[in-house]
Amino acid sequence: MIDREQVLHVARLARLRLSDQEVEKMAGELSGILEHVDRIGSLDLEGVEPTSHVVALENVWRADEPRPSLPQAVALANAPEPQDGAFRVPSPQADA
Amino acid sequence: MAGVLDLSVAEAAARIAATELSAAEYFAAWHEAALGDELNAYLFQVDHPAAQQAIDGPLGGIPVAVKDIFTTAGSPTTAGSRILEGYQPPYTATAVRRLDAAGARVLGKTNMDEFAMGSSNENSAYGPVLNPWDRGRVPGGSSGGSAAAVAGGLAPCALGTDTGGSIRQPASLCGIVGLKPTYGAISRYGMIAFASSLDQCGPLTRDVTDAALLLAALEGRDSCDSTSVGIEGGIVAPSREDLSGLRFGVPRELARDAVDAGVREVFEATLKRIEGLGGEITEVGLPNAEHGISAYYVIAPAEASSNLARYDGVRYGMRAGGDGDLLEMYETTRSQGFGDEVKRRIMLGTYALSSGYYDAYYGQAQKVRTRIAEDFRAAFAEVDFVVTPTSPSVAFGLGEKTDDPLAMYLNDFFTVPMSLAGIPAISLPAGLAAPEGGGPQLPVGFQIAAPAFAEQKLLEASFALEQAVGFAASAPVPYLMGNGEVGAGD
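Sequence lines, in order, name chains Z and H.
Taking our numbering, I'd label the letters of the first sequence as residues 1404 to 1499.
Taking our numbering, I'd label the letters of the second sequence as residues 10 to 499.
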């Protein structure tokens, strides 16, 4: 049901790189799961309101007052490669 | 020393408050017990059984094992994933802070399925947790470490999270009490997100009174989680002795033949006990519950695929492939950092949300969710509670279902509908049954679900039933008795 091409497309969207073996396995497993899930596709749910949240809540406000937030050093403490008070990342277009 | 470990949390807290028991000695005794972990229940334990002076509060001096999905400033937090190895959270989750404010202290962080995705704890990057009743079997998941720690005598109580059954199912498989409160009862702030519209934390305890004690401390509104509302009127210790005037509905659609014979027997015997306590057993209709698994395995992976986008090697956690370009770094980090089940769910969710499939999958699943919530509302117009077995089987063998993701998902059949409806549900140990393939008897859980925010009523009924079942009083602590030697329960 899900072929190799689709697996590769979805992996690209999800920023995952799969080995050839993983692609094969994923195609089979996802197909099996979707076959089960597809049962809800045939239900007539025309006009049923979708539920995105189970508790009825509307506009939860708090006072718009400045509060202390994470200090920069703390926010950077777990960074794999902090530099000059920022998160350093590889170039989006490395020439490699 | 074993003496103080036998006390329930409520009893220990009362003795500490009356200065009959030293908080420092009590904590040290549990610290020592936890250090003897042979179940891989803990991922991290506190170094120093800190000077535990008498601490004021309803949980004063009580050690608690916390699932490693809650951020704890000063201690590592991995969510069972390689991608968060070494991560030191800059802040502490509200649920943990509330326990702390009530006087409890963290004993350690417990093992779990990676990002809470799993029903066996075999998806942890740090190895599976073993079931204290039989170390060749799973403890359930995803809060498997928390359940095994409490059942195995390694913690007096624990905190877990439940997205589709992750508190109730391991509680069932380990023979303890597990409560998933109403969505919104407890703040999710600092609870690493899996599926935000379903995730809810709750207690895993030896008995119902302890569950009430923890819930009383945990519930409440939190300005850091706008979906948290708390439980109006709070929670007090349950004391109900009978079930007269209460109606318990068994879903007509309950697939009794999908349940193992031994589990079915314990379930039917528990229904009889309810009647013996004056409760009334009746049938109710939940016609859409059978589609729960399908809806859940669209909604939860879809939300997960979005929530887990944050693990990209930029701000915290693991980074790999930093020598190439940015895209390569993202892909290498995520491919090496996530385990198979997490990748599978990210793929499933990404597919369900991708262009052209959104309405057919996510939209349709959300409509099924509405129908399931309506089913429960209609049922609760006729009955006070809906009851089912918690899990279709007792604890299964390690490795038994790892090759078949769908079989593993179907294990959540009885717990997922309540999660989709956002209502509270508890799993109580109801007896023992032999596994289908033969072997020593293992615990069976009985699930009771109640209307949204009816936790007090749920705990009262559970307390009355617990006294009649007598499981907590009669069950052996097999871990302390040695592997495989399980004494006769009720």
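Source of the hints: derived by calculation from the structure; they are not laboratory data.
We put the CB at the ideal spot given by N, CA and C, even for glycine.
Just so you know, not all the hints are guaranteed correct.
[What the hints assert, rightly or not] Per label pair, the in silico range of CB-to-CB distance:
{"no.": "1", "chain 1": "H", "residue 1": "A27", "chain 2": "Z", "residue 2": "D1487", "range": "52 to 62 Å"}
{"no.": "2", "chain 1": "H", "residue 1": "G45", "chain 2": "Z", "residue 2": "N1462", "range": "44 to 54 Å"}
{"no.": "3", "chain 1": "Z", "residue 1": "N1462", "chain 2": "H", "residue 2": "G95", "range": "48 to 58 Å"}
{"no.": "4", "chain 1": "Z", "residue 1": "N1462", "chain 2": "H", "residue 2": "Y367", "range": "55 to 65 Å"}
{"no.": "5", "chain 1": "Z", "residue 1": "N1481", "chain 2": "H", "residue 2": "C233", "range": "16 to 26 Å"}
{"no.": "6", "chain 1": "H", "residue 1": "G331", "chain 2": "Z", "residue 2": "H1439", "range": "32 to 42 Å"}
{"no.": "7", "chain 1": "H", "residue 1": "R386", "chain 2": "Z", "residue 2": "E1484", "range": "47 to 57 Å"}
{"no.": "8", "chain 1": "Z", "residue 1": "S1445", "chain 2": "H", "residue 2": "A443", "range": "32 to 42 Å"}
{"no.": "9", "chain 1": "Z", "residue 1": "D1441", "chain 2": "H", "residue 2": "A33", "range": "37 to 47 Å"}
{"no.": "10", "chain 1": "Z", "residue 1": "R1407", "chain 2": "H", "residue 2": "G66", "range": "22 to 32 Å"}
{"no.": "11", "chain 1": "Z", "residue 1": "V1426", "chain 2": "H", "residue 2": "G45", "range": "38 to 48 Å"}
{"no.": "12", "chain 1": "Z", "residue 1": "P1495", "chain 2": "H", "residue 2": "D413", "range": "33 to 43 Å"}
[What the hints assert, rightly or not] Listed next, the stretches of chain Z that the computed footprint assigns to chain H, with coverage defined by at least 3 CB atoms under 8 Å from CB atoms of chain H:
{"no.": "13", "region": "1418-1430"}
{"no.": "14", "region": "1449-1463"}
{"no.": "15", "region": "1471-1481"}
{"no.": "16", "region": "1484-1496"}
Now the hints, each set against the structure:
Judged by the Cβ atoms, the range 52 to 62 Å given for A27 of chain H and D1487 of chain Z holds: they are separated by roughly 57 Å. For the pair G45 of chain H and N1462 of chain Z, the beta carbons lie near 51 Å from each other, so the given range of 44 to 54 Å is met. About 40 Å separates the C-beta atoms of N1462 of chain Z and G95 of chain H, a value inconsistent with the hinted range of 48 to 58 Å. At about 26 Å, the CB distance of N1462 of chain Z to Y367 of chain H disagrees with the hint of 55 to 65 Å.
For the pair N1481 of chain Z and C233 of chain H, the supplied restraint of 16 to 26 Å holds, since their beta-carbon distance comes to about 19 Å. Checked against the hint of 32 to 42 Å, the C-beta distance between G331 of chain H and H1439 of chain Z comes to roughly 39 Å, which is consistent with it. Taking 47 to 57 Å as the suggested C-beta distance range, the pair R386 of chain H and E1484 of chain Z conforms, at roughly 52 Å. Between S1445 of chain Z and A443 of chain H the Cβ separation comes to about 39 Å, which falls inside the hinted range of 32 to 42 Å.
The beta-carbon spacing between D1441 of chain Z and A33 of chain H, approximately 58 Å, falls outside the hinted interval of 37 to 47 Å. Under the hint 22 to 32 Å, the C-beta atoms of R1407 of chain Z and G66 of chain H, about 58 Å apart, miss the expected range. Taking 38 to 48 Å as the suggested C-beta distance range, the pair V1426 of chain Z and G45 of chain H conforms, at roughly 44 Å. Evaluation of the 33 to 43 Å hint for P1495 of chain Z and D413 of chain H yields a pass: the beta carbon distance comes to about 40 Å.
Residues of the region 1418-1430 of chain Z with a Cβ under 8 Å from some Cβ of chain H number 6, which satisfies the need for three, so the listed coverage holds. Interface restraint, the region 1449-1463 of chain Z with chain H: holds (10 residues with C-beta to C-beta distance below 8 Å; minimum three). Under the rule that three or more residues need a Cβ within less than 8 Å of chain H, the assignment of the region 1471-1481 of chain Z holds, with 5 such residues. Only residues whose C-beta sits within less than 8 Å of a C-beta in chain H count toward coverage, and the region 1484-1496 of chain Z has 7 of them, enough to reach three; the restraint holds.
Hint violations for this structure: numbers 3, 4, 9, 10, all remaining hints satisfied.
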